[in-house]
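2 protein chains.
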Amino acid sequence: MTAPYVHGHGAREAERLRDQADTLATLIHDGTRYPVGHTVLEAGCGTGAQTVSLARHSPGSWITSIDRSAVSLAQARARVEQAGFANVTFREADLLALPFAPASFDHVFVCFVLEHLPDPAAALAALARVLRPGGSLTVVEGDHGTVCMHPHSDAAHRAVGCLVELQRRAGGDALVGRRLHPLLSAAGFADVDVTARTVHAVGGHAGLAESFTRKTFTAMVDGVRDTAIAEGLSTLTDFAAGVRDLDRTADAGGVFVYTFFKGTAVKR
Amino acid sequence: MTAPYVHGHGAREAERLRDQADTLATLIHDGTRYPVGHTVLEAGCGTGAQTVSLARHSPGSWITSIDRSAVSLAQARARVEQAGFANVTFREADLLALPFAPASFDHVFVCFVLEHLPDPAAALAALARVLRPGGSLTVVEGDHGTVCMHPHSDAAHRAVGCLVELQRRAGGDALVGRRLHPLLSAAGFADVDVTARTVHAVGGHAGLAESFTRKTFTAMVDGVRDTAIAEGLSTLTDFAAGVRDLDRTADAGGVFVYTFFKGTAVKR
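Read top to bottom, the protein sequences are chains A and B. If you read the first sequence in our numbering, its first letter stands for residue 1, the second for the next number, and so on. If you read the second sequence in our numbering, its first letter stands for residue 1, the second for the next number, and so on.
Okay, the calculated bits of chain A under chain B, using three or more residues with CB under 8 angstroms as the criterion:
hint	segment
1	146-154
2	173-182
3	188-200
4	251-257
Computed beta-carbon distance windows for the label pairs:
hint	chain 1	residue 1	chain 2	residue 2	range
5	B	E165	A	R244	22 to 28 angstroms
6	A	G253	B	P35	31 to 37 angstroms
7	A	R91	B	G188	56 to 62 angstroms
8	B	H38	A	R132	52 to 58 angstroms
9	A	P118	B	R169	41 to 47 angstroms
10	B	P59	A	A78	57 to 63 angstroms
Just so you know, the hints here were simulated from the structure itself, not pulled from any lab data. Think of the CB as a built atom: it goes at the ideal place given N, C-alpha and C, for glycine as much as any other residue.
The shape of chain A in the complex, shown without the other chains (with noise of 0.2 angstroms):
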């Protein structure tokens, strides 16, 4: 796990994050509600974007939120401390090396890690390990292989394909949506279930064309920019056109999908 994190922790990722957090909330969290007195794990929290969302749909239940980085750690706190949530504790801990004893956790949640890691299904089995025989995993994952856009470009979706290259040469996988289902199956969980949570954003309204195309997914692409031209994936000129392309699908006339993938299962 010593591979760079392809969206880097500067400030303005970390906004990015947030405004992604606060428009994704209702699609990512829908569904997700812990009972009083239960334990959660939330593994690889980040900055804390659905720590955040976590606390206050199950008010009553003990969140524990981990992340190898002490430095976004420490902005997941002040985060989830602002918003006024005591039932969180964070700890600095990697996913593959939790510090739990066997079956400590009620719950798991995972959300947009996955897509980082070499080995997913070495995660899941490390995180099968805390969770309590009937417990619960709850999993969401983007994948950048279902944007689909009008009007329609190839230099944005060469863009987005820069991105998914650095993510795959980081030892990722951006397009681990779609996988999700079978490898919550290859884990040996019950009753997996997945769904597909699509984002339709159509250009010149307020509201996602602005919180999910432009702040969210058009700034994550064009946060690769020089990454992607110093090792030679694309062109300063095709990736500007490619960024100014997806951009304007957030404008009137035009129209940005993308799906999300929300996988639940239950430990045996």
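Given the coordinates of chain A, work out where chain B should sit on it, guided by the hints.
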């Protein structure tokens, strides 16, 4: 409207459309229920795949289903009669030359029709004419650009690309789904609302993998094989590899994802 219907009119195609309708009925018709006594125009009913669902869900409404193909209409009529519904009238007519007075209908329903038309905006204008002010329009379309599969296959995407290109050459647009919101807005409708409805077909399970991935989508792609090769878009070997890979996503461990778009709008 003299361009050939890309999917053909054979018996196999009729069976494919029937399988498709049975499986997708919930996805497509969810939210579409017409009040008792209201009149509904179904424009482009084809072989009646959706007509039966319309009649079932709105038994008190009066449905007029038109198509420009007498052969398809005869099949649609037989199908609706066999299902025991008596609230549907069939009429041979061209969507662009509707034999109805202005404001004749309370509602209009169109499914998988715009994708075949060279000028979907003209079609929407024609439909708006026969809709009363305050009446509703419902449009459902697919978008082959949303195809996403595991295992990923370039050959499969190339085979799907052949279908898209053939539909383009026939004057249609197999990627029209993403354009639904802009098209409805530009046509002057009020309260335009478009939702993405994503099929997530898990391989190895009865249900969608069999009925949608295999019998609907893969069969549809396979149905243009000879034409694609004759028009020089593919080779027998490459096309067969693509169809085989598509089909494989319906086996255990595979996943096939496809997004439909359903739009509703109100005549001003």
